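Here is what each chain is made of, one letter per residue.
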Amino acid sequence: MSSEVATRRPRNPRGTPAGGRRPRGDSARGRLAVYGVLALLSVPFLFPTWWMVTSSLKPAGEIFAFPPSLLPDSPRLDAYQRVFEVQPFAAQYLNSMYIALVVTLGTLAVSSLAGYAFARIRFPGQNALFLVVLVGLLIPSEVTIVPLFQMFNEWGMIDTHWPLILVPILGAPSVLATLIMRQFFIAIPHELEEAGRLDGLGRFALYWRIAMPLARPALGAVAIFTFLHSWNLYLEPIVFLSTPENFTLPQALTHFVDAYGGPMWDVQLAAASMTALPVLVFFIAMQRQFVEGLAHTGLKG
Amino acid sequence: MSSPRGGHRFWTGRRREVLAGYLFVAPQLIGSLVFVLLPLGLVFWYSLHEWNVLAGTFEFTGLDNYDALLNDPALPGVLAATGVFSVGLVVFNLSLALWLALMLNRRLAGTTFFRTVFFSPVVVSLVAWTIVWRFLLQENGGVNGLLDLVGMTGPNWLRGEGTAMLSVIVVQVFKNVGLNMVLFLAALQGVPRELYEAATVDGAGRWRRFRSITVPMISPTILLTSIITVVGSLQVFAQIDVLTSGGPGTSTTVLVYYLYQQAFQFHHFGYGATLSVLLFAIVFVLTFVQWQLRKKWVFHEQ
Amino acid sequence: MRPSMSTPLAAATLAGLLTLTACGGSGSGGDPDGPVSLRVAVWTANDAHLALFDEIADAYIAEHPRVEKITFDPLPFDGYTTALTTQIAGGNAPDLAWIFESSAPDFVSSGALVPLDEVLTETEGYAFDDLLPATTELWSEDGRLFAYPFSTSPFAVFANLDLLAEAGVPTPAEMRGAGEWTWEEVISAASTVAGETGASGMVIRDFDYTGWDYLATLWTGWDARAWDESSVCGFDRPEMVEAMGFLHEAVFEHGALPGPGTSADFFAGEAAYTVTQISRASLLEEAGFAWDLLPLPAGPAGEYAVIGQAGLGVLRVGDHPDIAADFLAHFTAPENSAELAQYFPPPRASQLTAETLASSNPLLTEEQLRETVVAGTVSGVVKPSHLGQEQIAQTVRAQLDALWRPDADVPAVLGDVCGAVQPLLDR
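Residue numbers (UniProt numbering), protein chains in the order written: chain A, 1 to 301; chain B, 1 to 302; chain C, 1 to 427.
Hints were generated in silico from the structure; no laboratory data involved. Predicted model only: the values in this text are computed from it and were never measured. Keep in mind that the hints are not guaranteed to be accurate.
What the hints assert, rightly or not - Stretches of chain C that chain B covers, calculated by requiring three or more beta carbons in the stretch to come under 8 angstroms of a beta carbon on chain B:
#1 79-91
#2 104-110
#3 157-169
#4 244-250
Stated by the list, open to error - Going by beta-carbon spacing under 7 angstroms, a handful of chain B positions derived as facing chain C:
#5 Gln138
#6 Asn156
#7 Leu158
#8 Arg159
#9 Gly247
Claimed, not checked - Now the in silico label distances, taken between C-beta atoms and shown as ranges:
#10 Gly156/A with Leu75/B: 26 to 36 angstroms
#11 Ala33/A with Glu285/C: 53 to 63 angstroms
#12 Val201/B with Ala205/A: 46 to 56 angstroms
#13 Glu174/C with Pro72/A: 31 to 41 angstroms
#14 Arg66/C with Ala90/A: 45 to 55 angstroms
#15 Glu249/C with Glu161/B: 18 to 28 angstroms
#16 Asp223/C with Gly156/A: 49 to 59 angstroms
#17 Asn46/C with Leu79/B: 41 to 51 angstroms
#18 Phe288/B with Arg209/A: 19 to 29 angstroms
#19 Gly62/B with Asp208/C: 37 to 47 angstroms
#20 Gly388/C with Gly156/A: 26 to 36 angstroms
#21 Leu63/B with Asn46/C: 42 to 52 angstroms
Glycine residues also receive a C-beta, built at the ideal position from the N, C-alpha and C atoms.
Build the full structure now, drawing on both the sequences and the hints.
So this is what it looks like as structure tokens:
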């Protein structure tokens, strides 16, 4: 794997960067300019999160102070309490959480099995079936949202979480995962499986005991992609769900209004902060594995 | 799964192998049939009908919906908005991602920090991110507040026809550029150093090295990220819904948003299905074209 | 690669099609004498409202042993109609539902609702004739009533007296006394407040430069209308051009209203005046400022009133429409209507008196109620609505966006509105 990301690779002895973008004798002034540009560019990436968290601690009237204040005058947590009064936010949080986890585990199972079979087992019709599956890559779920709505309607699954679980695991969104897994399994050396076969392992055991442990980086990348995809779903929940107890977080975030449709800005921002921060903190703690996992997808070409 | 050593004569090694293959792909295959191909067929079927939810009627109307599609006065604007959004997003996203990757690939101290910064919006909930930007882009919001600090007066971002589209694009780029950046960074790592060294010895300048070595060597990644970004750009919905609701006018009403309005707000399910057919045709053609172009400009294939 | 695959695939798809397109409600009525539970879709999540509803429902359950449970199910205010229709389409329809006045024509003429007049007239002690015709008109078709106008809430002006004093502007009461309670004068006062205090002047709540139907609270004062009874667009009429020109000037020249994309909340003390329904008075319980409530200012065409309405209807696709209708008759009978009056102005002539209303509206004085609610309900114009409302609303919104910029050509934009919306009105 030549796909480690920049900062981890040790410098080579001559100090020439791998990309060779830095000519000999890169000046201190040049370096300073790069830092300056990067720092300036960081603002739109950092400021929104900063503003979201600090504003959620301000009373509604102070949020629109112009120009905006960087810190709240007198921070207060009222909005965080009201989040749970206005909506069944805890239930909604749980909904998003369990749906994303189930979808992630389900996708890992389905796509690793299919990816493994397409990569390492020979069976009649293999190529044709692979093409059938690949059609999913071509079809954004937005294309099929109307018939999917009517199918789930027919099955009595409107306003339940089934559409948000079944479609991502089995439908178009998992096809990319299968493709990633297939690319990864293809690269596993034959000798490893031969050894297992001599030990009398069957196909499932070969998959489970030999191929899967080797596939951890790819599984990690698929898990990240899938979790974020499910966590961010918006069109599907607003189409399929109508009762607040069943809502997922993205959908709930747009519904912080009082009984007459008046906006509740501070409460909405508190809810947004609670939605965004845990995942963000988790990412920062795990960022090395995270970013490198993505680089391992085999998608780099 | 069955025991490793077969019991039945019938289950020879080859047969077991074939059965395992079918069983392994079965969930994915059945899923594809039920949740991809069946609805795709149904989209065509529904596009030949009119379904009234409130009255509970479902009538075959032949090609009426397609006739309506061709005569829909709103459609040219919708397609134009879709095109502007997709082109703007792909160009801005890919060039910023590549530029950031090149900067971070210079291996200066602290690049891990910047990498984390640029990647972090990828993991922030999309709707939370967009809601925050809706506040920031108000006329009396944070963006104009920052501009004010440097003595500039910002426009009313989300209410001007040009600036609204620009805002939606830029918000989306900041959200996801980190993903492409990481993929580019990984690709840049794979470029053999010797090529640059040889080129430098031959007297090639920075731009020349970039054009003749970097771009060809990472062209498969450029192709891949561009396909993902183009297809993704056609799916933009939450950002439009939260930031502009398709306005001002219909300047940010892209195809998916229009489809949602027609089907789920105006309850023209049949016409919504017709718009789905159009969206499918567009995605199909674009992917096909990109795949063909690959032969022309992608340097090598693995 | 292998074309042979496509044939069985097409067959499978077709088989799926055939089984799935047998569309329609699967309304199995269940046991004709079995226990019944009813679900009522509402858009309020207010605890006090829901507690009152439950109390009325419990009394009904006590008298009707077959009815086991009645739940009031709050759907989000934002996107309420979309959620409701999605539930109906999904075969998960509530038995009863609140309906916004804007979707009244769609619901009334689609046949989705059960006619109520027979049940109501036959219910003992209901006094059906007590319902004011002005309130039931929107919910009737061909002489039949399809929903009960359970809340008829006039639009009024709330004023923040503290901000007015700070800007040195006369109070609304003083202005009324001097015969100056007109849009002209109110906008000029609002402009003064905006200039003097840094707060906003006038906020037409819920308009926010997208919910244009709320502007009926202004243009009715010019005798303008969005469209007339025969569905002819009225945006390009001289009255409308004048009214919208006035508004445009108020926003962009006098700064009397916060501009597009700027937020100001009257109830958080950020604006001097707001136009909204009187039911919002409950938001002022903890207001940190002195306030007053007045009828809408007079326009060039004189004094006028605009009302917003909500209907309560029984859905035909529910399992027990007859029992649901019977419950509706109980829920809205005179004694319960009097209870509901503290939050929802009743459509009953006998209860629409300042005295009755004042006894249940501690925040408002009898005089305020008489002038806004009582007079408004009897004479008020209902906000515009039409068949295919959602699409019409979006179309008008998109065209009007061109108006909300300083250099807009008001008559030209309004002409465009009619050009775009007339085909939809003609459908």
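Broken hints, numbered, in rising order? 3, 4, 14 and 18
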